[in-house]
Structures are given as C-alpha cells and as structure tokens.
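K.L.:
The residues making up each chain are set out below.
Number of protein chains: 2
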Amino acid sequence: MGIINLDHISGNPLLPEVQAAMIEAVRTNYGNPSSPHHLGDQAAEALEQARQSVARLINSASPKEIVFTSGGTESINHAIKGVAAAKREQGRHIIASNIEHNSVLKTLRRLMGFGYTVTSVPVDGDGRVNPDDIAKAITDKTILISIMHSNNEIGTIQPIEEIARIAREKKVIFHTDAVTSIGVVPIDVRKLGVDLLSFAANQFHGPAGVGGLYIRKGTSIWPLLDGGAQENNRRAGTENLISIIGMGVAAQLAAKEMGARLNHVKKLRDRLLKGLNEKIDDIYINGHPEHCLPNIVSVSISYIEGESIVLMLEEEGIAVSTRSACASGSLRASHVLSSIGRDWASAQGTLVISFGKDNTEGEIDRFLDVLVTVVQTLRNMSPLYVRAKG
Amino acid sequence: MGIINLDHISGNPLLPEVQAAMIEAVRTNYGNPSSPHHLGDQAAEALEQARQSVARLINSASPKEIVFTSGGTESINHAIKGVAAAKREQGRHIIASNIEHNSVLKTLRRLMGFGYTVTSVPVDGDGRVNPDDIAKAITDKTILISIMHSNNEIGTIQPIEEIARIAREKKVIFHTDAVTSIGVVPIDVRKLGVDLLSFAANQFHGPAGVGGLYIRKGTSIWPLLDGGAQENNRRAGTENLISIIGMGVAAQLAAKEMGARLNHVKKLRDRLLKGLNEKIDDIYINGHPEHCLPNIVSVSISYIEGESIVLMLEEEGIAVSTRSACASGSLRASHVLSSIGRDWASAQGTLVISFGKDNTEGEIDRFLDVLVTVVQTLRNMSPLYVRAKG
Numbered sequence: 001m002g003i004i005n006l007d008h009i010s011g012n013p014l015l016p017e018v019q020a021a022m023i024e025a026v027r028t029n030y031g032n033p034s035s036p037h038h039l040g041d042q043a044a045e046a047l048e049q050a051r052q053s054v055a056r057l058i059n060s061a062s063p064k065e066i067v068f069t070s071g072g073t074e075s076i077n078h079a080i081k082g083v084a085a086a087k088r089e090q091g092r093h094i095i096a097s098n099i100e101h102n103s104v105l106k107t108l109r110r111l112m113g114f115g116y117t118v119t120s121v122p123v124d125g126d127g128r129v130n131p132d133d134i135a136k137a138i139t140d141k142t143i144l145i146s147i148m149h150s151n152n153e154i155g156t157i158q159p160i161e162e163i164a165r166i167a168r169e170k171k172v173i174f175h176t177d178a179v180t181s182i183g184v185v186p187i188d189v190r191k192l193g194v195d196l197l198s199f200a201a202n203q204f205h206g207p208a209g210v211g212g213l214y215i216r217k218g219t220s221i222w223p224l225l226d227g228g229a230q231e232n233n234r235r236a237g238t239e240n241l242i243s244i245i246g247m248g249v250a251a252q253l254a255a256k257e258m259g260a261r262l263n264h265v266k267k268l269r270d271r272l273l274k275g276l277n278e279k280i281d282d283i284y285i286n287g288h289p290e291h292c293l294p295n296i297v298s299v300s301i302s303y304i305e306g307e308s309i310v311l312m313l314e315e316e317g318i319a320v321s322t323r324s325a326c327a328s329g330s331l332r333a334s335h336v337l338s339s340i341g342r343d344w345a346s347a348q349g350t351l352v353i354s355f356g357k358d359n360t361e362g363e364i365d366r367f368l369d370v371l372v373t374v375v376q377t378l379r380n381m382s383p384l385y386v387r388a389k390g
Numbered sequence: 001m002g003i004i005n006l007d008h009i010s011g012n013p014l015l016p017e018v019q020a021a022m023i024e025a026v027r028t029n030y031g032n033p034s035s036p037h038h039l040g041d042q043a044a045e046a047l048e049q050a051r052q053s054v055a056r057l058i059n060s061a062s063p064k065e066i067v068f069t070s071g072g073t074e075s076i077n078h079a080i081k082g083v084a085a086a087k088r089e090q091g092r093h094i095i096a097s098n099i100e101h102n103s104v105l106k107t108l109r110r111l112m113g114f115g116y117t118v119t120s121v122p123v124d125g126d127g128r129v130n131p132d133d134i135a136k137a138i139t140d141k142t143i144l145i146s147i148m149h150s151n152n153e154i155g156t157i158q159p160i161e162e163i164a165r166i167a168r169e170k171k172v173i174f175h176t177d178a179v180t181s182i183g184v185v186p187i188d189v190r191k192l193g194v195d196l197l198s199f200a201a202n203q204f205h206g207p208a209g210v211g212g213l214y215i216r217k218g219t220s221i222w223p224l225l226d227g228g229a230q231e232n233n234r235r236a237g238t239e240n241l242i243s244i245i246g247m248g249v250a251a252q253l254a255a256k257e258m259g260a261r262l263n264h265v266k267k268l269r270d271r272l273l274k275g276l277n278e279k280i281d282d283i284y285i286n287g288h289p290e291h292c293l294p295n296i297v298s299v300s301i302s303y304i305e306g307e308s309i310v311l312m313l314e315e316e317g318i319a320v321s322t323r324s325a326c327a328s329g330s331l332r333a334s335h336v337l338s339s340i341g342r343d344w345a346s347a348q349g350t351l352v353i354s355f356g357k358d359n360t361e362g363e364i365d366r367f368l369d370v371l372v373t374v375v376q377t378l379r380n381m382s383p384l385y386v387r388a389k390g
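If you read the sequences in order, they're chains A and B.
Residues in the first sequence are numbered from 1 upward in steps of one, following UniProt numbering.
Residues in the second sequence are numbered from 1 upward in steps of one, following UniProt numbering.
The set of hints was computed from the structure by calculation and includes no laboratory data.
Honestly, I wouldn't trust all of these hints.
As the list makes no split between identical chains, a pair holds if one copy fits it or if it spans any two.
With a straight-line cut-off of 20 Å between C-alpha atoms, the simulated SDA-like cross-links for lysine to any residue are [stated by the list, open to error]:
hint : residue 1 : residue 2
1    : Lys170    : Leu273
2    : Lys266    : Ala255
3    : Lys279    : Arg366
4    : Lys357    : Thr28
5    : Lys256    : Leu384
6    : Lys266    : Asn232
7    : Lys141    : Phe114
8    : Lys274    : Met258
9    : Lys389    : Glu278
10   : Lys357    : Arg27
11   : Lys357    : Asn29
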C-alpha cells in the first residue's frame with residue numbers, strides 16, 4: 001500500500017509531465033546559457049521559454065521581470081536584503097506581519113543587527129492583517145513592507161491589494177511572499193499591485209530548490225548574489241537549467257489546470273472539514289474560513305500532542321505535518337498559532353493537513369477514519385482529557 | 001557531425017552515471033528532507049549520502065563541514081559576505097588578488113559600499129600571487145583573505161598552502177575559490193589548511209546550479225540565506241535534492257577517476273601546446289607553465305580578435321571561449337589578462353581552450369587544423385598584421 005501524502009505543503013510530488021521534461025533536459029546535456037556559441041544558444045532558449053511560462057502564470061508584464069533563484073528562501077532573502085541595501089541611505093524601517101515565514105522573520109532579525117528597525121503588525125484571530133495597522137506603521141523612514149500572500153501553517157490569505165494600494169500611495173516598496181499561493185490560487189501581480197513577489201516551484205508540483213522573484217520594472221533592489229551577468233545582472237551564477245525547465249513546465253500546467261485543481265482541492269477540503277467537525281469533538285479549525293488556501297487545513301485537537309498523532313498516522317501510512325517542514329528542527333510552539341491566540345497547549349495538538357491534485361476523496365476518508373482512532377487512543381492516555389471529561 | 005566542445009570551463013557535460021542518477025532521482029519523486037515522516041527520511045538519507053561523497057572528494061574531516069548551495073557564485077558570496085557580517089565588529093579589511101573571479105570581485109565591491117576596505121594583491125606575469133605580499137597586507141583589522149585556488153581564464157594555481165599558513169599565524173580567516181580546480185586536480189582541504197573553500201558541481205561533470213561551501217569546524221561565518229533550519233542552520237531553503245544527488249555521484253566518480261582524468265587531459269594539453277607553438281607564430285601562452293590546471297590553455301594570438309576566431313570556429317562545429325562565460329555579457333578587456341601584463345591588443349586575441357575526459361586527441365588535432373586556417377584568414381584581413389609582416 002502506498003503512502004497517503006497529506007503533507008503537500010512540505011513539497012508536492014513532481015507531475016509526470018514535469019518529470020518527463022526534466023529527464024529530457026538531463027539527457028539533452030545543455031551547455032551554459034551564457035556561452036557565446038551554439039551549445040549556449042540552445043540552453044539560453046530553454047531558459048527563456050521557462051521564464052515566459054512563469055511570467056504568464058503570474059501575469060507579469062514582461063518575462064524580464066522574473067529572476068530565477070534557488071527557491072522561495074533565496075527569493076525572500078533577495079527581496080528583503082536587496083531592498084534594504086539599495087534603500088539604506090533613505091531609511092531603515094521595515095514593516096512585516098508577525099505570522100511571516102521564518103525566511104522573512106530571520107532575515108529581518110539579521111537586518112536588525114545592521115541598524116534596521118522592524119514594525120511587526122499583529123493579525124486577528126483568523127490570521128488576517130488589518131491594512132489600517134500597516135498604514136499607521138508607515139513613517140518617512142519606511143523602505144519596505146513585506147506581507148505574505150498566504151500563510152503556510154493556517155492558510156489565511158491576506159488583503160494584498162489593499163496593502164499594495166497603501167504602499168503605493170506612500171511610495172514604499174511592497175514585497176509579498178507568495179510561496180504557498182502560487183499555482184494553488186490565481187496570482188496576478190498586476191492586479192495585486194505588488195513590487196516584489198517570491199515563489200518556489202515545489203509548491204506547484206515543480207522541483208525543489210528552484211524558484212523565482214518577480215521584480216516589477218523600476219523597483220529599487222540590489223542583487224543578493226554578486227558576480228556574473230546572468231539574469232540581467234540581477235542574480236549571478238550559472239543557472240540551474242534542468243530544474244528551471246521543470247519549473248517552466250509546472251508553471252504551464254498550473255496555469256492551464258488552475259480551475260480544475262481549485263475545484264478538486266476545495267471538494268477535498270470541504271469533505272475533510274465536515275468529517276473533522278462531525279467525528280472529533282474539542283477541535284478548532286485555524287485560519288480564516290473564507291480568505292484561505294483551498295489545499296490546507298490546520299486543526300488544533302485539544303488534550304493531545306501533534307507529534308504523537310503524526311507518528312501514529314505514519315504507522316498507518318499517512319503523512320501529515322504538525323507545522324512547516326522548514327521549522328521541523330525547532331521544538332518551540334508555532335509563532336503563527338500563538339499570534340492568532342492559540343494557547344500553548346492547543347497549539348501543541350495542531351495538525352497541518354495539506355493536499356494536492358493527486359489526492360482522492362477516498363484518501364481523505366481513510367485519513368479521517370484513522371485519525372478518529374488515533375485521537376481516541378491518545379486522549380484515553382491523556383490525564384488532561386480524562387480529567388476534563390471524567 | 002557532433003560539436004567539438006573545447007569550452008568545458010563554461011560547463012562540463014553530465015557524465016552518463018550522473019545522468020542516470022538524476023533521472024532515477026526525478027523518477028523517485030523524493031519528499032522534503034526536513035519532513036518528519038517516511039517521505040522525508042528517504043530524502044534526508046539521499047542528501048547525506050551525497051554530502052559524504054563530496055566530503056571525501058576534498059578530504060574534509062566531516063561531512064558536517066559541507067554546506068550545499070546553488071553553485072559557485074552562492075558559495076563565494078556566502079563565504080565573503082558571511083565572514084564580513086560575522087566579523088564586522090572586529091574589523092572590515094579584506095585581502096584578495098586582482099585576478100579573482102567576478103563573483104569575488106563584485107562581492108568585494110559591494111562590501112566597499114558598507115565601509116569595508118579591500119587590499120588587492122597583484123600577480124606576476126604568470127598569474128601567481130606572492131605570499132609575502134599577502135603577509136605584508138595584513139593589518140589588525142584584516143578579517144578575511146580570499147585567494148582563488150586556480151584561475152578560470154589562465155589556469156594558474158596559487159600557493160594556497162603557504163597563504164593558509166600565513167593566515168593561520170595571523171588568525172585571519174582564509175577562503176579559496178576552488179571552483180575551477182575541484183574534480184580536476186586533487187583538493188585536500190586539510191592539507192591546504194583553508195577555512196573556507198567554494199566549489200560548483202558543473203566543473204566536475206555534475207549539474208549546473210548546484211555546489212557547496214566547505215566550512216572548517218569553528219570558522220566564524222553567518223548564513224547568506226536566512227530562514228529554515230536546513231544545512232545545520234547554515235543555509236536555509238528546501239534542498240535541490242535532484243541536483244545534489246547528481247553532484248554526489250559526480251564527486252564519487254571524480255575521486256575514483258582522478259588519476260586517469262589527469263593523465264588524459266595532460267596528454268591533450270601537451271598535444272595542444274605543441275601544436276600551437278609549432279603551427280602558429282606570434283602567440284603567447286598565458287599562465288604559469290607548471291603551477292597550472294591541466295585542462296585549460298589560454299593563448300593570445302596577435303593581430304586578430306578572439307571573438308572573430310570563436311565565430312569562425314563555431315561554423316566548423318568547434319566551441320571555444322574567449323573568456324569565462326560568466327563575463328560574456330561584458331565587452332571590457334579581461335582583468336586577468338591585463339593583470340599579467342597583456343596589453344589590450346593581445347588580450348583581444350585571446351582564446352580559452354578547456355577540455356575534459358570526453359575529448360580526444362583527434363579533436364585536438366582537428367581544432368589545430370581549423371585554427372591554423374582561421375588565424376591565417378583573419379590575419380590576412382588584419383591591417384595590423386599586414387603592416388607588421390609586410
């Protein structure tokens with residue numbers, strides 16, 4: 001029996017078409033896109049084709065606005081450190097929400113060691129930022145606002161268009177980390193009105209370790225990687241062409257299948273939520289009920305620990321997560337859950353269930369059945385539960 | 001007829017074994033190495049296996065000293081910016097040679113905008129640094145010395161062990177850019193005595209866009225990419241596992257075949273040098289005759305332009321380079337050639353011929369035959385040549 005993968009947020013499996021394109025690219029044995037001869041020309045062409053596919057997926061005005069990177073983390077570091085460096089004479093104040101991904105938070109913490117100050121804007125109980133809070137936080141020293149498009153633990157989608165409008169009025173650069181959104185929900189950089197947008201291919205069934213940064217024409221930003229003239233002088237380093245080709249195909253498919261994928265995962269999500277609410281008591285669904293990703297459910301299950309649930313589910317061949325894989329080395333409670341008001345105890349019992357186009361309703365049902373048993377078993381061993389219910 | 005690739009320095013073709021391993025990895029559809037369940041375990045295991053292969057290739061004391069990156073450029077940026085940040089309170093003086101790769105030079109230029117000063121040490125006519133010059137340049141504010149192991153345009157190998165000894169005595173961190181050396185000549189980080197060493201997989205027949213940074217245990221350095229806990233908290237971002245697996249196999253093969261590869265390319269180099277000297281007059285072989293890479297020949301051909309030679313060779317199905325692919329967007333004369341005393345005119349007529357294990361003696365002979373004709377044709381059109389010889 002295969003594994004039921006309900007941990008897509010840590011990385012989606014490659015689609016067959018992406019696999020085929022990457023295998024073809026490995027076999028083709030491309031040259032260096034920067035070489036001034038035929039071996040390089042072929043490679044440069046493949047590179048630009050992928051760039052066009054990605055540009056179309058996010059409706060960028062030009063493929064030139066797409067810079068390929070080694071993934072979401074590099075894109076985010078590039079966006080934040082690149083603007084911080086370019087604008088440092090103008091001001092050193094940055095605004096972010098307090099539920100950003102660690103790539104944003106740790107980058108900001110790093111900059112604080114270099115004289116930058118950060119205003120961390122709170123979120124409400126559903127994980128939404130209030131755009132007014134951002135407007136109020138802007139000073140004449142503010143150079144950057146960084147608010148994620150959607151949250152990787154609870155799925156809440158932020159009012160990005162409104163925030164972008166405020167940023168534009170105040171002439172502050174606006175970056176959004178769209179890593180968990182791209183390929184899952186429609187993203188239109190022009191409609192959103194953002195200056196910078198980070199993304200990673202593995203969130204839309206492309207390979208891990210490759211991604212990109214959308215840089216709206218005219219945005220003031222420095223490279224993170226200095227060196228050669230690649231990527232229009234915005235990101236040095238020989239390109240990871242095989243992975244970029246895979247990302248290009250994944251982007252094409254994501255654009256083409258967006259509607260069908262949305263319908264599919266929404267159906268799974270509804271089924272999952274219905275099952276959770278009917279079959280398990282004392283639970284709490286985290287995140288905004290409407291402004292949310294359709295492919296993720298965060299549920300806090302009282303009285304027991306998420307880690308134990310994950311281990312017991314794994315024995316049954318089901319993969320879920322307690323939180324983002326990037327933070328799995330850390331034992332601290334999730335900063336996202338504490339920001340939306342979950343106390344430490346209920347945060348401990350939180351599962352993140354994330355799915356993709358390859359999951360089936362049968363898998364959701366099987367997960368629910370196993371989960372009910374696992375929860376009951378763990379609760380029967382929990383002194384807290386026995387005391388509360390006894 | 002296939003293309004004769006004598007431009008290996010821009011990127012070696014993937015070896016069949018590397019292709020097979022990458023294709024297998026694409027098919028396996030690994031999970032995220034950081035996921036706390038079975039899908040992640042498999043991936044984590046593959047990741048650590050590759051790390052061991054790379055560690056063995058450079059004789060690192062422990063695989064923990066290897067941090068995977070998106071290639072040589074990221075490794076170099078990480079090394080220099082990471083030490084600059086970690087040591088900034090102690091001093092802001094850095095020493096490098098004036099023939100470093102653009103990834104080093106442009107990174108240093110960037111740091112100069114943040115209050116760092118750089119001493120650029122000259123090289124002799126063969127492109128070698130004098131270790132005494134480095135010793136003299138060290139002040140109590142010096143935090144880093146960065147000297148490349150071998151040069152990517154002329155192949156000269158630097159006296160790294162001697163420089164490392166000086167750096168260690170003065171307690172200055174020493175980084176070497178070994179991108180063009182690794183897999184080509186034996187590299188032993190412990191014998192060299194370096195603290196940091198940058199490398200890229202495509203120089204030893206692995207994929208482009210992946211590489212690593214050797215960080216000797218105890219070296220004071222900050223991450224370049226902040227975020228998740230990957231790579232022992234030293235490089236955030238979901239790993240590019242497919243390429244890393246390819247690099248691991250390429251490293252294994254490079255270690256195993258080192259002797260045979262050296263013999264093969266040395267034979268090709270000798271044949272090439274003999275042919276050039278016998279068949280074309282008014283040429284100059286750049287770089288040190290002994291302390292040099294065995295897989296690269298830089299030749300300055302008087303009175304004509306390298307770009308024209310490259311174009312005419314390309315029509316005959318032969319790929320060579322005038323300089324590093326990373327700089328091919330730039331029209332300026334090579335900083336390496338001017339540093340070793342080539343004047344602008346002869347620098348213009350410079351070809352970089354670089355080869356690998358897949359090249360044959362027949363290809364060298366064919367190249368020489370075509371080159372003789374091309375040079376004669378171009379010289380006959382050159383007013384400079386006609387005047388000099390008329």
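K.L.:
Against each hint, give a clear statement of whether it holds in the structure.
P.N.:
Each hint tested on the structure:
no., hint, result
1, Lys170 x Leu273, "neither (41 Å within a copy, 64 Å between copies)"
2, Lys266 x Ala255, "within (17 Å within a copy, 51 Å between copies)"
3, Lys279 x Arg366, "within (13 Å within a copy, 76 Å between copies)"
4, Lys357 x Thr28, "between (29 Å within a copy, 18 Å between copies)"
5, Lys256 x Leu384, "neither (49 Å within a copy, 59 Å between copies)"
6, Lys266 x Asn232, "neither (39 Å within a copy, 37 Å between copies)"
7, Lys141 x Phe114, "both (15 Å within a copy, 19 Å between copies)"
8, Lys274 x Met258, "neither (24 Å within a copy, 61 Å between copies)"
9, Lys389 x Glu278, "within (18 Å within a copy, 95 Å between copies)"
10, Lys357 x Arg27, "between (28 Å within a copy, 18 Å between copies)"
11, Lys357 x Asn29, "between (31 Å within a copy, 15 Å between copies)"
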